[in-house]
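**Student:** The lines below spell out each chain.
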Amino acid sequence: MIPLSWFLILSAGLFSIGLFGVLSRKNAIAILLGVELMLNAVNINLVSFWRYGNIADMAGQVFAIIVFAVAAAEVAVGLALVISVYRQRRTVIADDLDMMKW
Amino acid sequence: MNLWADPVNLAARWMAGLLDGWGTPAWLSTLLIQLVGVVLLVSVMMVVDILLVWVERKVVARFQDRLGPNRLGPFGIIQPFADIIKLLIKEDITPHGADRVIYNLAPILSLMSVLLLWAIVPLAPVIFGVDLNVGALYIIATGAIGTLAIIMAGWASNNKYALIGAFRQVAVLVSFEVPMIATMLIPTILAGSMGMNAIIQAQDVWYVVLAPLAAIIFMIAAIAELGRSPFDLNEAESEIVAGFHIEYTGMKFGLFYAGELLHAFTFGGFWAILFFGGYRLFGLEQLGPLVAAVILLGKALFGYWIIMWVRYTMMRVRIDRMLAFSWKFLTPLAFALLLATALVNTLLRDASALIHAGGMLLTNVVAGAIVVQILRRFGNRERARIRPSARSVPAGQ
Amino acid sequence: MNGTQLVFLGVGAVILISALLVVTTRNLIHAALWLIVTLFGVAILYALLNAGFLAVVQVVIYIGAIAILFIFAVMLTRKELRDRGPQLNPAWWLSAIVAALTFGGLVWMLQGWSGLTRSAGEIPPGFDAVGALGNALIAPNAFVLPFEVASVLLLAALIGAVYVAFTRK
Chain S
1 MIPLSWFLIL SAGLFSIGLF GVLSRKNAIA ILLGVELMLN AVNINLVSFW RYGNIADMAG
61 QVFAIIVFAV AAAEVAVGLA LVISVYRQRR TVIADDLDMM KW
Chain L
1 MNLWADPVNL AARWMAGLLD GWGTPAWLST LLIQLVGVVL LVSVMMVVDI LLVWVERKVV
61 ARFQDRLGPN RLGPFGIIQP FADIIKLLIK EDITPHGADR VIYNLAPILS LMSVLLLWAI
121 VPLAPVIFGV DLNVGALYII ATGAIGTLAI IMAGWASNNK YALIGAFRQV AVLVSFEVPM
181 IATMLIPTIL AGSMGMNAII QAQDVWYVVL APLAAIIFMI AAIAELGRSP FDLNEAESEI
241 VAGFHIEYTG MKFGLFYAGE LLHAFTFGGF WAILFFGGYR LFGLEQLGPL VAAVILLGKA
301 LFGYWIIMWV RYTMMRVRID RMLAFSWKFL TPLAFALLLA TALVNTLLRD ASALIHAGGM
361 LLTNVVAGAI VVQILRRFGN RERARIRPSA RSVPAGQ
Chain B
1 MNGTQLVFLG VGAVILISAL LVVTTRNLIH AALWLIVTLF GVAILYALLN AGFLAVVQVV
61 IYIGAIAILF IFAVMLTRKE LRDRGPQLNP AWWLSAIVAA LTFGGLVWML QGWSGLTRSA
121 GEIPPGFDAV GALGNALIAP NAFVLPFEVA SVLLLAALIG AVYVAFTRK
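Residue numbers (the numbering used here), protein chains in the order written: chain S, 1 to 102; chain L, 1 to 397; chain B, 1 to 169.
The following block holds chain S by itself, in its conformation from the complex (with noise of 0.2 Å):
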């Protein structure tokens, strides 16, 4: 049987690789894919506390059917404004976005 903590150790060591995904990338996109590698990692500490946990409540993952949605509408508000940036400065990476208006 797997015990509990082999999946807790997985999802830290997931949200550890997110997270320097976001703290280390140019690429506005790709400062995305860390926050979704991040957001991937406590769907699943949620999923196993629900299954290791008490099967009946069904907390954990309606946890994380609300984590999908979340996330589902970060992505899309957060890419759209990537686009729409892009449109009017011609460039996406972070360090270049840094006036508010000129």
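Derived by calculation from the structure, the hints in this document are not laboratory data. As the structure is a prediction and not an experimental result, all values here were calculated from the model. C-beta atoms are modelled at their ideal positions from N, C-alpha and C, and glycine is treated no differently. Hints are all accurate, no fakes.
Beta-carbon label-pair distances, calculated as ranges:
id: 1; chain 1: L; residue 1: Leu31; chain 2: B; residue 2: Gly112; range: 35 to 43 Å
id: 2; chain 1: B; residue 1: Gly112; chain 2: L; residue 2: Leu339; range: 46 to 54 Å
id: 3; chain 1: B; residue 1: Arg118; chain 2: L; residue 2: Trp327; range: 45 to 53 Å
id: 4; chain 1: L; residue 1: Ile216; chain 2: B; residue 2: Thr117; range: 51 to 59 Å
Guided by the hints, dock chains L and B onto chain S, whose structure is given.
**Tutor:** The following block gives chains L and B in isolation, referenced to the frame of chain S:
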């Protein structure tokens, strides 16, 4: 159990006995038996695919008032094998600057997404791959893998026409997924489960009688999902040469082409399962699993024939009209139908079967009448806008 | 080491390696494709955890919509098809240290918890996970309110995204 009533389990037991006799551990013998089952299913499906090439070419020929292939073998039945040999011996080109790994992976993923669908199709009450209790959603999931394959093919070809073709095809696929999900939820509501076996078992009255409008919308959305006429942007020869598979030659193109035909046959099968009772035919399927499988494949062939009939009769729709049709017409209609069906089903669930069927049919007829009225008004307005001088047909005549 | 553990180790290795490739590869399209491999691995993990509905929904939503959205956004925001120059910040070693510290901190915090090595409970036969999930989502004393709020959130995101990205020709 004997061979007639339960062939698959009998074969599995025989093989398990054989492997145990050779001394293999239990987990290995289970794995091997399942592997043999998978390989058998995939091989049968690929052979069906080859025959579908012949069916397609004969049917299109008859629609166009000619004979079709009739040289090789009786009625030209050896023709698809000649086609395959031709595709196999063609030169395998990778375009300059193409992303090699993605370029070679795309046709494999495209065919894989179709073969994965056959895992949940119940050919008989005892012959099926796996009885997933989320079968309807699994269909959408494999469609997502097919969409991914199209983008990969369009991007990796290093060709702007391929990219444009892939963009347009994916936009159509994503748009028509929504009405397809909504209409797939209608048999789910009526049967109380998403599993394919449960939906078939619950169809004492075929769902095409209880929800004909849903069957029609599902067929339209499925034809758009398959990328066939009248929604076939990726083969719009007059517009973008050949869409996302321009740069593919030889057997890689063959995988795309065969995958598309098998996909059409698979969706004919799902149309049969969801709306036409699957392998049930007034109790005839009790005779044996082989009879049930033949009944299901026959109904799938009927659905495939409808898809071919639409393809070879109608003209291609323009891309913006196509997307407007999905988002502004099919999606609201599908959701309104879903709401109406759920409401009427809850109200009439405990009534007798005749009243239940009658109530659902009446709902669909009323919805259909409303839709026809809306279309008539819209058509009159379009006609008046294009030719203001021409007399438009007044409503009600 | 039985079969389930082997499968978990294999899937876990695939997830972590492809996640590393997502955050380090130069070509953004390849990064999006490696993200798809990661998401697929997570879906297999859900199936291992007997959450079959979540596994299929993960494939439909993440791979079928979000990943395709990423690929489209990558294709629409570049002047040329190839990526040039370094893709990591000059101070990437600092973020690597931060990430390693986060991972170490999380693992150390988990060590102090007594329930860490518990095994999975048995699933009672005839337990309908999909039905129980559906009931939980619409029962008034369960989670109907977050469910409805999530749908309003999606509506707001839809309108916002269309408005922000719309071009008037």
